[in-house]
Amino acid sequence: MKISARHLDKITIFDISGDIDLATSPELRKALLRELRELKTPRVVLNLAGVRYIDSSGVASLVEGLKASRDVGSRLILFGLNRTVREVLQLSKLVKIFEICENEEQSVAP
Amino acid sequence: MEEIEPPNYGGSPPVRLCAKVRRADSILKPVEDLEYAGLLRRLPSCPRRDSVYYLDRRCVRKSASGDLSETKRVIQFLESEESALVSRGSLLLRMELPSDPEMLCVVRNALGELAAKLGFSEAECRAVVLAVDEAMTNIIRHAYLGEAERPIEASFRRIHVARDGKSKDALEIVLEDRGVTVNPEKLCGRALEDVRPGGLGLHFIRQSMDTVEFSRRWGRNQLRLVKFLAVQEGPRKGT
Chain A
1 MKISARHLDK ITIFDISGDI DLATSPELRK ALLRELRELK TPRVVLNLAG VRYIDSSGVA
61 SLVEGLKASR DVGSRLILFG LNRTVREVLQ LSKLVKIFEI CENEEQSVAP
Chain B
1001 MEEIEPPNYG GSPPVRLCAK VRRADSILKP VEDLEYAGLL RRLPSCPRRD SVYYLDRRCV
1061 RKSASGDLSE TKRVIQFLES EESALVSRGS LLLRMELPSD PEMLCVVRNA LGELAAKLGF
1121 SEAECRAVVL AVDEAMTNII RHAYLGEAER PIEASFRRIH VARDGKSKDA LEIVLEDRGV
1181 TVNPEKLCGR ALEDVRPGGL GLHFIRQSMD TVEFSRRWGR NQLRLVKFLA VQEGPRKGT
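Residue numbers (the working numbering), protein chains in the order written: chain A, 1 to 110; chain B, 1001 to 1239.
This is chain B alone, in the form it adopts within the complex (with noise of 0.2 Å):
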């Protein structure tokens, strides 16, 4: 098999996406996961299909005929997605829990602690702790209709994103969870005029977070969140 060395951008680990290059609203589904750029110098590569590699938040392309470049339309693809598989940053946390309600609280108080430890405002911190608690509430009542034994894996990182023309620092949480498959169209919410209880937690996570992204992938429901910092606080650790 053919074998390719990727340029090496350093810091974010190589995620190969995909080997054909689909249309820009497809829903990216990576073949490879790579952990580590150090471990993995050398990729196989696919004949006569076009590969893209993801380093460093910079994308390669490696066409059908070889030829290796950067490729600005993939780029764009790929940020038009801004998928929690390409956006690898340093992993802060991971958690697995039960989807007992009383595991809720623990999650508050890690994520608190966490986000003030990365320089959210008092107030931006009690926005991303509302909002991992909501999702967390609406992945016990609606994925896994009440159960409490099943479980639900959080993982929280530090990311670099393009946006604006800058790149900024953000937290990204994604939760995920192997319940029932949620439709994306209950997903609405409702009209905040209509009083009666219930229907208030999706708008509580949208109101509290920069990216809300839900998608189902591999039997999984994942739901990913990004709260951006306000204010960088110096270089990155950890990438």
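Only chain A is shown next, with the shape it has when bound in the complex (with noise of 0.2 Å):
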């Protein structure tokens, strides 16, 4: 898994690439929890385009955000779900809990 940060104005947005699994979640929840817990980002967007591989334990990762994320009063978006990691979000039955926008520029809107 890859992760990178991209800052515009008082949002951070976090292209993630390859597989989320037991081995790379961790990073990714790191990653997560500095942006809302410790730095306090009011939005941060997860494109997720480039995943090939979602397991349970990268959902925990983005639920552990999201519930970061109510905590400061952020936000978390996702958007570039592929067919993949949406199959897992369903199954999970946690899809309707993320905020999830089609493309960058809605997960940016004002």
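Keep in mind that the hints were calculated from the coordinates and are not lab data.
Backbone N, C-alpha and C fix where the C-beta goes; we use that ideal spot for every residue, glycine too.
One or more of the hints may lead you astray.
[Said to hold, decoys possible] Restraint ranges, calculated between C-beta atoms of paired labels, are given here:
#1 B:R1217 / A:S17: 35 to 43 Å
#2 A:A5 / B:S1090: 47 to 55 Å
#3 B:W1218 / A:K96: 38 to 46 Å
#4 A:K30 / B:E1122: 47 to 55 Å
#5 B:F1214 / A:R83: 40 to 48 Å
#6 A:V72 / B:F1228: 43 to 51 Å
Take the two lone chains, each set in its own frame, and fit them into one complex as the hints suggest.
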């Protein structure tokens, strides 16, 4: 998994690619929690277009990020969900709890 | 010692299951596991004890009186177990891996290719890969408590299973570890309405596979997963 950050005003966009599994999800979790709990960035956007695979540990990291965002009053937005990611989120029945946008433009819109 | 010659139904290797037929809900424990029918046509019998032999999905029961006959009751008994020990299909792939999270992608890639070769759809391939990944994640986290150098054995077989009155091809995956005993009561997952991290793995496995069986045998945890092929791909190979 590769994760890189871009900053746009008060928005941080994480571009994530590769596989999110037991080996790599701690890195995602750490990046999300730092951005939300420590830096208290008002809006954190995850670009998941390059994610080839995600498992329950990856979903758990996203849920932790979502909880952290609610705790600090930030927004966590996902976009670029491909079929694999969408299937897993639907299987977890968690797809409705996330704020999901179709593209980056929507996710950073005021 | 008296010897018997089991009927040759061909196909799967014979497995001598148990010296005594016990209650239908009891767990089968094989006393012998014979590799190939062709090599062991004559099997030693146990005087004064019932023996059950499993040959190519058919069962032969030899009673203490020496009568060798097929017994429907025993067939039902075995089908209720649908055990890996009796569903010996053709071995497709066998792996021995360390319990290192970095190895998960290796298994996913190999299994994805294997499932596609067997004729599973893309969605089914993703489901099988997800189930095995989650199962191995559970082994690493719960059975080995995060230790990265413990052994995990994975075997992948094409099996033939009677289901709904028809014979179906399926992929059987057996994962074994030597970790701590997993309490089956803890394998129940959690309610999905409870939004919190964790607890999704078993739910994913159950949603993705047709059969999920956990057992503890000879100091090992064994997880058996089966996914049926939706469409028959013609005659089986290798059996």
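Right, here's what the structure says about each hint:
{"no.": "1", "hint": "B:R1217 / A:S17: 35 to 43 Å", "result": "holds (41 Å)"}
{"no.": "2", "hint": "A:A5 / B:S1090: 47 to 55 Å", "result": "holds (49 Å)"}
{"no.": "3", "hint": "B:W1218 / A:K96: 38 to 46 Å", "result": "holds (45 Å)"}
{"no.": "4", "hint": "A:K30 / B:E1122: 47 to 55 Å", "result": "violated (32 Å)"}
{"no.": "5", "hint": "B:F1214 / A:R83: 40 to 48 Å", "result": "violated (30 Å)"}
{"no.": "6", "hint": "A:V72 / B:F1228: 43 to 51 Å", "result": "holds (47 Å)"}
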